[in-house]
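Peer 1: Protein chains in written order, with numbering that gives the first Met the number 0: chain A, 0 to 219; chain B, 0 to 276.
Please keep in mind that the hints were generated in silico from the structure rather than gathered at the bench. Heads up, the beta-carbon is just placed ideally off N, CA and C, and yes, glycines get one too. Wrong hints could be hidden among the right ones.
Far from chain B, by Cβ distances over 12 Å, these chain A residues were calculated [to be verified]:
1) Thr90
2) Leu163
3) Val211
Examples of chain A residues lying across from chain B (beta carbon under 8 Å, computed) [stated by the list, open to error]:
4) Ala46
5) Glu47
6) Arg201
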Amino acid sequence: MEAVVKSYHGRPALRGITTHIERSEFVFLTGPSGAGKSTFLRLLYRAELPDAGRIVVDGFDLAEMPRRQIPDFRRRLGVIFQDFKLLRRRTVGENISFVLSLLDLPEREQQRRAYLALKQMGLQNRLGALPDELSGGEQQRVAIARALVLQPDLILADEPSGNLDTERGHELMELLKSINYQGTTVLVATHDRGLIEAHPARTLVLDRGALVRDAWGLTP
Amino acid sequence: MNRHGWREVQRQVRESGAPGGVAILMVAVATAWGGLLLTVHRWVEHDLLGRRQNSSVVAVLRAPDQADSLASALAARPGTLRWTLARPATVRQELAEWFPELATVLLALDEPSFPALLKIEADPAAAGELVAWLAARREVAVVQSSAQWQARVEQALGRVVAVGFVLASVLLAGCFLVVLLVVRLLVLDHADEIAIMRLIGARERDIRLPYVTLGLVLGCTGGLLGVLALAILEMSLRSVLPAIAPEAWVLAAMPLVGAAAGAGGAALGLVAIPREP
């Protein structure tokens, strides 16, 4: 990310952010509400384009990337959204197998991988349930399963533990760390200081759209 | 399209509700009406008017004794296939058979009161020239050809068919619009879901294909119902008008026309899908 600027209706959300995240790194992104964490992530999965600056993710220059390449790019990412973004009209199983179907995997393989991903999250018995029939925590776990099932190069997580109890939140961090050990880059946006302190890693701190700190953990 | 696409189509068919039913009904009426028009047109042209058959020309002679000279001149003409001479007595007998209530009067009249007729079967391409040739002959008082009234009936039928097709086209355009609106409403209703699908890497075709398929299914279903309606109509008329039967290509075209109208409407309805930034 190089000198990235983003504003909404003249109100700056990010002010000249420059940072570099290495492949296989585990990074926290933190800061108070409204600091620009979600905007930072939205720019990384190209839900938005910056007003100025350059963003390169996994070799893709996002501002220059033609529209037809966007789906291929996004299939390399696993995004865990703060508001889950589950497909409300589809069952839990379909939510997972849908992303697998985008890779044109055989039907059986889709079902097998969807089952394993849900089993990892303890939701193998809720395959046929609709998202609205699940609790917030269960929906969060379905969203996590969906993000992980494609074994992406980069995982972007926006407040992934927001709807989980403390124990589940730490379990999720352990899971993300184990995935990171296998070579996947992980970027977790969170305002939960306890989570960062319990799982110390490189931490980017945003404040009012500016990158104010880039260091290991939260200790000065 | 994969399993997810087909399930999405099923959901959309359910969600299209009453407007989807209206679209199906409109296609059914439009295609059945179009199919009926084509069938009746073919029946009138081929069977009723005998357009593919030879033309009949009838010449009324001024005097019966001129029949032989005219017949020998006729034999030398190309395009004349067959001819028969009806002498006054035969004409009187035929008229009496056609109008039995006048038979007593007709048979009481003298033979010279009736003209001799020359009934000619001619190649349809040569019928016009033959009529002109006969009209110019001094032996002939009046000449009439089946081609003349056939042309008038065909002209009238052509107008009826043209108006009928305009009506069918209006109905199909209505179906196109209804499908367009159905798809547009569904797209607006599914806007969040479409945005999520994009965020998790769905291609445009993964998103759009189920909607186009929905239009195709609605149109095709309407077309098949139209085929069913036409088949029922044909069966109910079979005892009265056995010659009226829709041709296979008409029946095959009806669902295809419906599907094209539905898919076209759906494709245009997809313009409502917001684009990526």
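Peer 1: Hints broken by the structure, by number, lowest first?
Peer 2: Violated hints: 1, 6; rest satisfied.
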